[in-house]
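Asker: Reminder that position 50 of the sequence shown reads as 50 in our numbering, one-by-one numbering, no gaps.
Hints are computed from structural coordinates only; laboratory data are not their basis. All values derive from a computational prediction rather than experimental measurement. By construction, the Cβ of each residue, glycine as well, lies at the ideal position given by its N, Cα and C atoms.
Derived CB-CB ranges, DEER-like:
{"hint": "1", "residue 1": "30", "residue 2": "111", "range": "42 to 48 Å"}
{"hint": "2", "residue 1": "47", "residue 2": "112", "range": "26 to 32 Å"}
{"hint": "3", "residue 1": "119", "residue 2": "32", "range": "16 to 22 Å"}
Quick list of in silico lysine to aspartate or glutamate cross-link-like pairs, EDC-like style, CA-CA up to 20 Å:
{"hint": "4", "residue 1": "80", "residue 2": "121"}
{"hint": "5", "residue 1": "32", "residue 2": "129"}
{"hint": "6", "residue 1": "32", "residue 2": "119"}
{"hint": "7", "residue 1": "165", "residue 2": "45"}
{"hint": "8", "residue 1": "32", "residue 2": "45"}
{"hint": "9", "residue 1": "32", "residue 2": "127"}
{"hint": "10", "residue 1": "80", "residue 2": "127"}
{"hint": "11", "residue 1": "80", "residue 2": "92"}
{"hint": "12", "residue 1": "80", "residue 2": "91"}
{"hint": "13", "residue 1": "80", "residue 2": "36"}
{"hint": "14", "residue 1": "80", "residue 2": "30"}
{"hint": "15", "residue 1": "165", "residue 2": "46"}
{"hint": "16", "residue 1": "80", "residue 2": "119"}
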Amino acid sequence: MEHLRAGWKLANWPLLGADGQPHANLERAEGKTLFETIEQSGLPDEQTYIVWRGSNTFCILNVFPYTNGSVMVLPTTPAKSILDLDAEVYDELWRSVRTAVVAVQGAFAPHGINVGLNEGEAGGGSEPDHLHVHIVPRWNADTNFMTTIAEVRILPMTLADSWHKLRSAWPA
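Assemble the whole structure, with the sequences as input and the hints as a guide.
Answerer: Structure representation (structure tokens):
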């Protein structure tokens, strides 16, 4: 049996994103979450893959996506639970999720979309100290054996190209 491997994931991770290209790999600032560190880094949005910034929330491209165009919407100030958000931040978060769905649909024309919030480590949250909502575009027959058998995801577009498409499709 032959094996298809994503060697760049092992050799250079976390310096490379899922497309094998460099991304803004930042060390967590002391006392800050990963997403706070990225959002407050001062680096250009094109380098951090921040697609949009609001008053209390922002949207960032997932650098290890399931599919091209996967984004996350987060409150600027970290919260562990949706119950920790005040009404203003809560409302902006869900309006931003809706806007992100519009942008993903406009940029990628998926057949469907998954919207999910993994709260806490037991809930599947990879960064349990900073609540984030995933928006994942889906296409008919986009699931296959590659991830399960070969630990490989097929991404036909670079993260930078996905970022540009999403940024261009973001509603004014």
